[in-house]
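Engineer: The sequence shown begins at 1 in this note's numbering and counts up one residue at a time.
Among the clues, some could well be false.
[As the list claims (entries may be wrong)] The list that follows gives simulated cross-link-like pairs (lysine to any residue, SDA-like), each with its CA atoms no further than 20 Å apart:
hint : residue 1 : residue 2
1    : Lys86     : Ile165
2    : Lys116    : Phe40
3    : Lys86     : Leu205
4    : Lys63     : Glu51
5    : Lys55     : Ser76
6    : Lys192    : Glu51
7    : Lys116    : Gln194
8    : Lys55     : Gly95
9    : Lys78     : Phe41
[Unchecked claim] Cβ pair distances, simulated, as ranges:
hint : residue 1 : residue 2 : range
10   : Ala33     : Ala96     : 42 to 50 Å
11   : Arg109    : Ser2      : 47 to 55 Å
12   : Glu97     : Phe48     : 30 to 38 Å
None of these hints come from the bench; they were simulated from the model. From the three backbone atoms N, C-alpha and C, an ideal C-beta is built for every residue, glycine too.
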Amino acid sequence: MSFLSMFLYSFNTSQAGWIFMWVILGAGVFAVAISIERFFFLTGRSGFRVEAWVKEFIGFIQKDEIQSAQRLIDKSGKMALAQVFKAAISESGSGAEHIRNTVDESTLRVIPQLEKRTGFLGTIGNIATLLGLMGTIYGLIIAFAAVGKPGIDPAEKSTLLAQGIAAAMNTTYLGLLIAIPCIALYTFFKTKTQHIIDQIDEYSLRLVNILVERSYKTHKFHIAASELKEGVGLHVTHNNIKIFTDNKLIKEISI
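Please work from the sequences and hints to get the whole structure.
Structural biologist: Written as structure tokens, this is what we have:
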């Protein structure tokens with residue numbers, strides 16, 4: 001009988017330690033489901049060519065093309081950074097403190113979604129190892145009980161001894177077979193999640209600074225407009241204010 005056949009036979013209810021085998025296997029199936037869900041979720045939230053996307057987005061903001069920036073967000077799907085940026089530009093005309101609070105609030109909503117269920121993989125890895133160890137102890141108890149039992153037939157003693165050792169080895173093997181990939185996947189997803197969070201922290205801070213500066217410029221514009229006299233016109237661009245009288249440029253204010 002091959003190793004694979006013997007290993008699969010250990011799931012049979014007639015074998016010692018079968019219940020440990022099925023429980024560990026169930027934990028492994030649960031871990032596979034979580035891993036698949038997390039992979040597709042984080043892949044969608046991380047986005048592609050993020051730095052180029054941010055550069056294009058900020059370019060629109062600096063040119064006061066808010067609608068173009070909004071369309072870029074709509075095209076980005078479920079990218080986590082885009083969700084934070086969307087919240088930020090919705091308050092772009094507000095004060096600096098309000099913009100920062102909005103970004104912080106949006107970030108606090110996004111991060112738990114990124115970290116959700118990843119911790120289960122580490123837990124399953126630890127539980128699978130412990131269940132394997134428990135199965136090992138159970139198998140050794142059966143083996144030593146067979147050796148120490150008086151008046152038992154030698155053939156039966158050999159059978160019980162073999163079953164105990166097989167249960168000990170099989171449960172340990174399956175526990176490690178589940179635990180090692182779980183821990184590796186847990187580390188992978190934690191690293192990927194942290195990378196997304198770092199991007200959110202870095203780029204959202206850059207956007208906040210730009211929006212705050214833009215808000216300050218808007219405030220300067222309101223001050224300049226309030227100082228105008230009757231009959232004086234304004235032409236506003238993203239970086240200056242031009243003041244006209246009778247269609248003649250009389251002053252240009254950099255903002």
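Engineer: Next, verify each hint and record whether it holds.
Structural biologist: Checked hints:
1. Lys86 x Ile165: violated, 60 Å
2. Lys116 x Phe40: holds, 13 Å
3. Lys86 x Leu205: holds, 14 Å
4. Lys63 x Glu51: holds, 18 Å
5. Lys55 x Ser76: holds, 14 Å
6. Lys192 x Glu51: holds, 16 Å
7. Lys116 x Gln194: Holds - the C-alpha atoms of Gln194 and Lys116 are around 13 Å apart, at most 20 Å.
8. Lys55 x Gly95: With Cα atoms ~23 Å apart, Lys55 and Gly95 exceed 20 Å; violated.
9. Lys78 x Phe41: holds, 9 Å
10. Ala33 x Ala96: 42 to 50 Å: Taking Cβ atoms as reference, Ala33 and Ala96 lie about 45 Å apart, which means the hint holds.
11. Arg109 x Ser2: 47 to 55 Å: holds, 53 Å
12. Glu97 x Phe48: 30 to 38 Å: The hint (30 to 38 Å, Cβ to Cβ) holds, given that Glu97 and Phe48 are roughly 33 Å apart.
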